[in-house]
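K.L.:
Next come the chains, spelled out residue by residue.
Protein chains: 2
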Amino acid sequence: MTYDGERFVLTEAGRRQVEALGLDRVAEQRCETCAGRGIVLRPPFDRVLETFQKIVTMRPKATPNFDQGYVTVETTVLRLALMAQRGDLVGRDLLLLGDDDLTAIAAALSGLPRRIFVLDVDERIVGFIRDVARDRGWDNVHAEVYDVQDPLPENLRGQFDVFFTDPVETVRGIFLFLSRCTEALRGPGSAGYFGLSFLEASWKKWRDIQRGILDMGFAITDMLGAFQEYQLENIVAQGYPVARMAPVAVKEPDVSFYVSTVYRLELTEEPRPLFTGRVELGRDLYYDDEACVTLPR
Amino acid sequence: MTYDGERFVLTEAGRRQVEALGLDRVAEQRCETCAGRGIVLRPPFDRVLETFQKIVTMRPKATPNFDQGYVTVETTVLRLALMAQRGDLVGRDLLLLGDDDLTAIAAALSGLPRRIFVLDVDERIVGFIRDVARDRGWDNVHAEVYDVQDPLPENLRGQFDVFFTDPVETVRGIFLFLSRCTEALRGPGSAGYFGLSFLEASWKKWRDIQRGILDMGFAITDMLGAFQEYQLENIVAQGYPVARMAPVAVKEPDVSFYVSTVYRLELTEEPRPLFTGRVELGRDLYYDDEACVTLPR
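Protein sequences, first through last, are from chains B and S. Counting from 1, position 238 in the first sequence corresponds to residue 238 in UniProt numbering; the numbering is continuous, with no gaps. Counting from 1, position 254 in the second sequence corresponds to residue 254 in UniProt numbering; the numbering is continuous, with no gaps.
These are calculated hints, taken from the structure and not from any lab test. Computed from a predicted structure; not experimentally measured. All C-beta atoms in this analysis are idealised placements derived from N, C-alpha and C, irrespective of residue type, glycine included. Among the hints, a few may not be true.
Said to hold, decoys possible - Derived DEER-like restraints, expressed as beta-carbon distance ranges:
#, chain 1, residue 1, chain 2, residue 2, range
1, S, Pro-188, B, Arg-136, 43 to 53 Å
2, S, Pro-151, B, Arg-25, 30 to 40 Å
3, B, Ala-27, S, Glu-6, 36 to 46 Å
4, S, Arg-114, B, Pro-247, 22 to 32 Å
5, S, Glu-154, B, Val-9, 39 to 49 Å
6, S, Pro-151, B, Gly-91, 49 to 59 Å
7, S, Asn-155, B, Asp-150, 18 to 28 Å
8, B, Ser-256, S, Ser-256, 49 to 59 Å
9, B, Gly-14, S, Gln-159, 25 to 35 Å
Chain B with its partners taken away, still in its complex shape:
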């Protein structure tokens, strides 16, 4: 491999090795229709996407203060289609822990969940969701400012059928987010979804996280790779580690390089959160050795 000033390219020796192995005979096998997700947008989600796209143009801008960085609007709506497909949306009580993606709004547009509750540390997100809900007359959509380091409000414990969260990518941070969500679930049969990248998390870290998930009483029922695509901006300009770590000078990316896997979990046991009560994580909440698309605070 060598760098031609624009991108990495194969050297002559590399090309010979590729041919010897037969790698050049293997095409991309990913389905183009669904980009490998296995899910496409059919009614009512195709219409949800249209309206959702208009509403989010007025969204608060992502801030690295809270490790925000939202997924594409298509990802948000595809996630709901996946949940509907798995029986986790229609008539369900849904908790969203951290919602800079504004999933609550897309979910409410579908008219399918019974109740939608958002907890987010950013009052701009909470305010925006409340404003849209008031304008649209959605009385089943609620949003509260909440710091994941605080205990889960008592009136939310054991009240939900399904959660979705796209947590920070440190092991302790993920366990903290998942613990709060777990505490909010009703019991066996309740389900949860969360996103995990392999850009900021090694397989070793995945294994630790998976062990914690089982310990909390869940089985992992689905893992959809590269399901979530993020809309990250100014990666180089803002000095994200991933740009500074590059062995050559890099420009702003022109493809969505940050994707993540969606996990679906289902409680087979009584919920056993790893953390309860007040937990101080500070900087460790957001940042560890593997973080590279997270800005140090």
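Starting from the structure of chain B, add chain S where the hints point.
P.N.:
Relative to chain B, chain S alone:
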């Protein structure tokens, strides 16, 4: 719900409930192009499928003696496409533990793996694979008769980059199959694939299996739901429990009702098989409380 003599249908009350919930407004969200798998057949696998289809017409018939029941030819080749996509096929040493699907033949047709080794308890399968390999002049394809209750032959330990197995569906049986495969892997970075249904395995059982997988030193990196489709015949005629358990008289199914999830595992630690040496499981190898598409022996 009621039974109209042909199929289960909604009652009038059921239909009203569906409308009240909005369930009738939710279409099937699965991608039709790839049947929700996310993977399609592109070169060289489209050509592999063509030739493979011809070869398998002469295959030995599935026997319930060994809980056989093979997947469709498309499934076999799609699985290889998935492995290629994850970097687990080209130039790799591949172990197949149990191969009534004849994956070895499809893999050899692709020309991509370095070495392909089959272990199967059924000498008809071993003989068939050897015959095809001899006819085609494949000197990197090997097949041996092997009972999973026997220790893994010493010369196969620590020799493979990748395994695939579609084991029995009892927890101890799965652990035994995966243990043999784990013992055959080189070490951290080596990968494995196996199939698991949710028809014969509850989420509780999935959780137990997932714990065992982590204990053996793996992270679970992918889980592709309903990736494998089986070609089962004479379900009613052979008296499979699933047909006898039905609350009404059933006919032979006219759709593929048996599907399974493909797991991809990757070792992040030194391999730690749960079982080594000779292990007698007898009838418990194949049969437990949740078995319903397995014939009691």
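K.L.:
Against this structure, judge whether each hint is valid.
P.N.:
Now for the hints, and whether the structure bears them out:
1. Separation of Pro-188/S from Arg-136/B is about 52 Å and conforms to the stated range, judged on CB atoms against 43 to 53 Å.
2. For the pair Pro-151/S and Arg-25/B, the supplied restraint of 30 to 40 Å holds, since their beta-carbon distance comes to about 38 Å.
3. Between Ala-27/B and Glu-6/S the beta carbons are some 43 Å apart, a value that agrees with the proposed interval 36 to 46 Å.
4. Between Arg-114/S and Pro-247/B the Cβ separation comes to about 31 Å, which falls inside the hinted range of 22 to 32 Å.
5. For the hinted restraint 39 to 49 Å between Glu-154/S and Val-9/B, the CB-CB distance of approximately 45 Å keeps it satisfied.
6. The given range of 49 to 59 Å is respected by Pro-151/S and Gly-91/B, whose C-beta atoms sit roughly 53 Å from each other.
7. Taking the beta carbon of each, Asn-155/S and Asp-150/B are about 59 Å apart, not inside 18 to 28 Å as hinted.
8. Range check, Ser-256/B to Ser-256/S: Cβ separation about 35 Å, and the 49 to 59 Å hint is violated.
9. Under the hint 25 to 35 Å, the C-beta atoms of Gly-14/B and Gln-159/S, about 27 Å apart, fit the expected range.
Checked against the numbered hints given earlier, the structure breaks hints 7 and 8 and satisfies all the rest.
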